[in-house]
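In the order they appear, the protein sequences are chains A and B. Position one of the first sequence corresponds to residue 1 (the UniProt record's numbering), numbered consecutively onward. Position one of the second sequence corresponds to residue 1 (the UniProt record's numbering), numbered consecutively onward.
Misleading hints may appear alongside valid ones.
Below, computed lysine-lysine pairings styled on PhoX-like, alpha-carbon distance capped at 25 Å [claimed, not checked]:
hint, chain 1, residue 1, chain 2, residue 2
1, B, Lys156, B, Lys129
2, B, Lys108, B, Lys186
3, B, Lys376, B, Lys354
4, B, Lys208, A, Lys178
5, B, Lys140, B, Lys462
6, A, Lys178, B, Lys217
Hints are computed from structural coordinates only; laboratory data are not their basis. Every value quoted in this text rests on a predicted model; they were computed, and no experiment measured them.
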Amino acid sequence: MNRALILLRRRLVGSVFVLLIVVIGTFLLLELAPGDAVDAYIVSTGGDAGMIELLRHRWGLDQSELTRLANYLWALLHLDLGQSVTFSRPIRDVILERLPTTLILMGSATAFSFGLGSALGIYAGARPGSFRDRFLSVGSLALYAVPGFWLGLVLIVIFAVDLRWLPIGGIESIASTKTGLARATDIATHLVLPVSALGFIYLALYLRMMRAGMAEAWRQDFVLAARARGISRRRIVLTHVARNALLPLVTMLGLQSAQMLGGSVVIESVFAVPGLGRLAQEAVAARDTPLLLGIILVSAVLVILINLLVDIAYALLDPRVGASEAGA
Amino acid sequence: MSDFTISRRTMLAGSAMLLASTAMPGIGWAQTPRRGGRLVVAADSEPRNLNPAIVASNGVFFISSKIVETLAEASFDGKDGLAPRLALSWEGTADGLSATFKLREGVKWHDGKPFTSADVAFSALQIWKPLQNLGRTVFKDLDAVETPDDLTAVFKFAKPTPFQLIRNALPALSSVVPKHIYETGKIEDNPANNAPVGTGPFKFGEYKAGQYYRLQKNTDYWGKDEPYLDEIIYQVLPDRTSAASALEAEEIHLAAFSAVPLADLDRISKVPGLKVITKGYEGLTYQLVVEINHRRKELADLKVRQAIAHAIDKDFVVKTIFLGYAATATGPVPKNDPQFYTADVPTYAFDVAKANALLDEAGYIRGDDGKRFSLKLLPAPYFNETRQFGDYLRQALAAIGIDAELVNNDSPAHIKAVYTDHAFDLAVGPPVFRGDPAISTTILVQSGIPDGVPFSNQGGYKNADLDALIARASETLDTSARTELYKEFQKQVAADLPLINVAEWSFISVARETVENIANNPRWAVSNWADTYLAN
Numbered sequence: 001m002n003r004a005l006i007l008l009r010r011r012l013v014g015s016v017f018v019l020l021i022v023v024i025g026t027f028l029l030l031e032l033a034p035g036d037a038v039d040a041y042i043v044s045t046g047g048d049a050g051m052i053e054l055l056r057h058r059w060g061l062d063q064s065e066l067t068r069l070a071n072y073l074w075a076l077l078h079l080d081l082g083q084s085v086t087f088s089r090p091i092r093d094v095i096l097e098r099l100p101t102t103l104i105l106m107g108s109a110t111a112f113s114f115g116l117g118s119a120l121g122i123y124a125g126a127r128p129g130s131f132r133d134r135f136l137s138v139g140s141l142a143l144y145a146v147p148g149f150w151l152g153l154v155l156i157v158i159f160a161v162d163l164r165w166l167p168i169g170g171i172e173s174i175a176s177t178k179t180g181l182a183r184a185t186d187i188a189t190h191l192v193l194p195v196s197a198l199g200f201i202y203l204a205l206y207l208r209m210m211r212a213g214m215a216e217a218w219r220q221d222f223v224l225a226a227r228a229r230g231i232s233r234r235r236i237v238l239t240h241v242a243r244n245a246l247l248p249l250v251t252m253l254g255l256q257s258a259q260m261l262g263g264s265v266v267i268e269s270v271f272a273v274p275g276l277g278r279l280a281q282e283a284v285a286a287r288d289t290p291l292l293l294g295i296i297l298v299s300a301v302l303v304i305l306i307n308l309l310v311d312i313a314y315a316l317l318d319p320r321v322g323a324s325e326a327g328a
Numbered sequence: 001m002s003d004f005t006i007s008r009r010t011m012l013a014g015s016a017m018l019l020a021s022t023a024m025p026g027i028g029w030a031q032t033p034r035r036g037g038r039l040v041v042a043a044d045s046e047p048r049n050l051n052p053a054i055v056a057s058n059g060v061f062f063i064s065s066k067i068v069e070t071l072a073e074a075s076f077d078g079k080d081g082l083a084p085r086l087a088l089s090w091e092g093t094a095d096g097l098s099a100t101f102k103l104r105e106g107v108k109w110h111d112g113k114p115f116t117s118a119d120v121a122f123s124a125l126q127i128w129k130p131l132q133n134l135g136r137t138v139f140k141d142l143d144a145v146e147t148p149d150d151l152t153a154v155f156k157f158a159k160p161t162p163f164q165l166i167r168n169a170l171p172a173l174s175s176v177v178p179k180h181i182y183e184t185g186k187i188e189d190n191p192a193n194n195a196p197v198g199t200g201p202f203k204f205g206e207y208k209a210g211q212y213y214r215l216q217k218n219t220d221y222w223g224k225d226e227p228y229l230d231e232i233i234y235q236v237l238p239d240r241t242s243a244a245s246a247l248e249a250e251e252i253h254l255a256a257f258s259a260v261p262l263a264d265l266d267r268i269s270k271v272p273g274l275k276v277i278t279k280g281y282e283g284l285t286y287q288l289v290v291e292i293n294h295r296r297k298e299l300a301d302l303k304v305r306q307a308i309a310h311a312i313d314k315d316f317v318v319k320t321i322f323l324g325y326a327a328t329a330t331g332p333v334p335k336n337d338p339q340f341y342t343a344d345v346p347t348y349a350f351d352v353a354k355a356n357a358l359l360d361e362a363g364y365i366r367g368d369d370g371k372r373f374s375l376k377l378l379p380a381p382y383f384n385e386t387r388q389f390g391d392y393l394r395q396a397l398a399a400i401g402i403d404a405e406l407v408n409n410d411s412p413a414h415i416k417a418v419y420t421d422h423a424f425d426l427a428v429g430p431p432v433f434r435g436d437p438a439i440s441t442t443i444l445v446q447s448g449i450p451d452g453v454p455f456s457n458q459g460g461y462k463n464a465d466l467d468a469l470i471a472r473a474s475e476t477l478d479t480s481a482r483t484e485l486y487k488e489f490q491k492q493v494a495a496d497l498p499l500i501n502v503a504e505w506s507f508i509s510v511a512r513e514t515v516e517n518i519a520n521n522p523r524w525a526v527s528n529w530a531d532t533y534l535a536n
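Next comes chain B alone, as it looks inside the complex (with noise of 0.2 Å):
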């Protein structure tokens, strides 16, 4: 199961022979898609704001990506691992101050009306730049948005700005959402929020809260003979067991994003009609991170966070905890990722005995009572996989003589123990890799981040080196030095121990035999189904 650590190579061969494997029940995986029907899928939550220009996090575009369409969507054998949606093609020029997208021809709204380059300028300038969660940060120098005719939209930056970032974030954060439905009225106000209007496969239907969502096919849609599928349901399913109890009554069709627990996938994977699928998930890497406060004297020493690494049996976790679902982790980049990932970093072998060293070199001697120091530790709430961690940490800091006394917390809670009022010395967190260390990795690390901010350095965590370097690799255009610069970043980080990346993991879908084409590119739960189908 360590399909985490491959390369691109075998994982475009992993692809080929799960499309194969899933194809054999039926004649062979030439067979034609089947038109029609309703595929059910489970949902464990309701976002309240569907719209992903505005929200983009994996639970909205769960959801909306099948109605507002991006750029661009991740692909495993694409130029740049890029497939084209609403751009057919994207141009960086070499000052970094331009980038030109070539868009679709005869592609409309839902509504009747066309698609344009002022759509494209609109979104980017009136809600990525100003209004979204991850475009407020890529698209800050973005000035202005030109539109010389209805299929070219040419991007204006005040500064310098790689394009390889802006490439890199188009499967996230280019939602495309149409301006004549959204120039009027305050724009986080606006209805189409909670039912979406885009250029998608699939049109909004209805919500009925607490239960389900309903999309419709759009027979307008731009892809030939696109999408297959007649309706698609999420049912929300709030408790943890029922996605695979309903999976198992065929009350439902798929059960992504994990829904179904890890504990439970060996007995579901032998239901006869039921597959397991662990790729598809590629783009949407989770890493499991030991948060760190500096502030905490002994833990500002390095020995002592050295010592730490050196007392985590990262392979027991990922067997233990993630039942091999999942990778051990070297540095703050995936090893997953094709573009970035190096693993010419310093590694920390699970060795106690040196780290019990590291300690008393340190100068954290064992008292009457077997303990150096103790320190509060706090497990994230929001994977059973985070909490289970905390249990585990706080049984390998206890062989090194670190008492952790463990502090759990329900989401807003953590958010605010850990981001603003820094109550913690050890947390657990799961942050998320979105292709591009530039977009939400290096500020796990960066100094001069406001308190509040949630998911980045609130250790006291202050290395001018790391912040030179990370300055540096954000001006830097060319694609390749930019890249050294983020190899360079992840030897620094994993030398100095800002936190520890212990292990890396992604989602597991269950579904019907009858549903193919799942898993065909690295974001497949998040992208736009319109070639998936229910055979017979």
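Okay, chain A solo, but in the shape it has when bound (with noise of 0.2 Å):
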């Protein structure tokens, strides 16, 4: 456990820069893009030179760049994302109530590719070379290669309008009343469209690295040793071979983690998921700089914590890993 608490502190030091440079980098990117807040925000409103100088005011946006970014990680420092211009409403707030929507689906449909993808990729490793295994790998990449907006339309079309049996988007239904159970059906029931179409494109990445891992492992001394003891296949599969094969596709959830982030925007818009995702999205278009940072911040942490977890779960589950700094 020592190990895991060591490593968690380098950890944290170490977020707190990447944080910082995150931060920064997406300020300038922001910056370089033409067109601020207001110049988005007069697109559906027009406005003459009072009103679009009162509103630059208004928003802060007559100050330099330096003095914004300045005033930014000030606020930063005391832990107040600020304020939103698109919402007018304090960005933590905004933030807050999109999160928990993006955290349900992210980690469904992680959650969902993981399962069936490493499931899949046993029963596809279990006989590398045999057929099962080939249209397992071809098929999984066909569905990898699949855009996910496009994924997610075929489905609602299959699914929403034609069979009727899910509902076309959202992530429950509008302005109901149900509580408790009956609303986390409901909500279940919005979830398995965007699910699916988030969790089939990333199926391919655990079922491949798992066949593969599998393919390598039986190929390992210790595989022919087992066979060699009489030890029934079924078991060689799952304890020997399997396990083996288990450790990078947890370093790949890590990873993937901010990979789903990203591939949410798509599924957010599409299936009309109130998301942080597609939050992201409307920042960009309303040049909503204090907001988009606020996302890229919050997922950013998101991402790191994630990672740590894995980190950790490594460290347990391999004595090998985090040893040196032990010792250190």
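The task is to assemble the complex, starting from two chains supplied on their own in separate frames and drawing on the hints.
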């Protein structure tokens, strides 16, 4: 356990610098994009010179870039994410409102692709080179090659428009009074399509990785030894081959968390899910710099946390990890 | 589908026919409206400020016009094209210095307080004039609003202001908000901007960001027996394709503002239970315009501008890009405007040979590569159609030896490039005609507008005669004399081509057949929907 704690401390110190770079980088990138929040606003309203000047002043856009960045960092030091121009509300509230939705969507999609992907991977990897292995490998690659939004639209047309088994979008029935279990069921029903669209795409990664790891493990001496000892094939597959192939998948899980956040931008738009990804897209379109910074900051923290969990899990799973740091 | 090229009378006949046809599945159109029900409508954007008195835009009106009412609404058959709402009558004095509004009796705010002339005075002086995007221009000379009694508001102007302009501005610019809610604190920060309180047929219910807005029936509404609906839900559907799917899946009742793309209309019109409606937007006409940067030497030459006008096949644009849901334009006032439009202007028939001849005459001879000169073309990204027209224009220009480089930006970048940085040679814009040229049309050609003002003349065009004409029209009080001046304005613009008007279009609604009383006024999508109902 001590190893895990030391790892945690080292990681947290490093993370602060990562976050600082992320914030400054994003701020500069958004400054480089032509047009500011007022330009984005007047697209739908128009307005005369006086009104535009008034808005720039009210939204603090008449200050220099450096002043605004310094102000933002200073406020951030006090854990204040600032005020969104788009929503005229504190950014913390806006993000907290959307975060659970994205977490549920991401979590379910990750669990789905990891669970089904590794299970199919074991199935395929149990007999590398067999017909079922080839079929699954090619099939999953085909899914991986499909654009997420397209898969989403196809699922909508089949299951929501033609068959009407599932709702077309949203996270729950609009303006419903459902509570407790009924509400949970409602949300689950709404999640089926977006989670499938998101999960099916990443399924291939886990499947291929599991399969490749297992194919490699089959050639190892300990497998030969296990077979020589007369252990049943089923036990060899599960406890010896698959288990050894599992470790890289855990690493992948950490890396994928960032990918999932990106992929959810598209899926959230197609399925009208009110999550963080769509919020980020709106923030860019509205040139709402503090809001976008807030979202990216929260996402970065999320990714760092997940990777930390992965590392800790790793340290617990594999005694070799972190041993050098514990000794230092 | 040339519904836009119609006179007032045919428009009336058309809307009557529409009413009759929509009622056909029922018993006939005298059927009594059914009460109750929830109308679910697709919304593609979430306005950040729902106060229509501050932000007079269609995105805001779409939701808040059901909550906050104006003094008058546009009408197919009312006098001067208006129907009374919070005001029962309106009259301007001959000197243009005063306008009197008689207000409706027995109207209550959603919080139960009575609506009085003090609310009108407050809205006009504290919000429309200093804060509203359009009101800042129209009400700039408003000096005071006298309230001799609770039901009379007298607008006093410092300079003569044409009453025709005030009248034409009523449907969009005169949203009245409650004084007792807005008088404390800063108006821009008032929480009611996001949860409006008004006098309309529906009360603001709740807003779930990214999901929906819910409006509830106002049981205390002044309209007899109205509203019929219990609830209106605006479901936020950000994806372009989802409105059509949601209609087909029977999850929503109505997609207004062309939320269903034109290309899908043919298919969707064949789906049983759905109807496609092209009416109800006559007062919300958008114009497809080629904006020209006159700082470019070549484009400052009238012959070159004429050549470009001749190179554009307007009929092709209407047929291919708008799939027929538009009309060709002749000048800066759309054909469907009942007051100002004149067809008596110079026109530019599609004639590539003539265009080439004009360019030769102007001295821009084709080089060895067949090109005369190149320029930058920036199509506005707000509509599919503006982008597609950009692609078309590039080809049309190539046919006359002008090499156009397409520059595609997102909305804020486009606004900045064209209206602040002037980093364009040609741009494609969709300005809105708002019922009176003085509200948002004359600024498209007038000179002396500061940099950064969107949807205005930022092309460096300067024509002293046209400026004088615009100034004279803005001071002319007599309605028919003023109308004549704007007809002259159209002639001069079409002759000198400060910009090129290509087409005029409006929006399409797709609705379930059960939704009744749709499109019964020229601004239906942004009107109060008090008489809309869901039949069985």
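Violated hints - listed by number, lowest first: When the structure is compared with the hints, none of them turns out to be violated.
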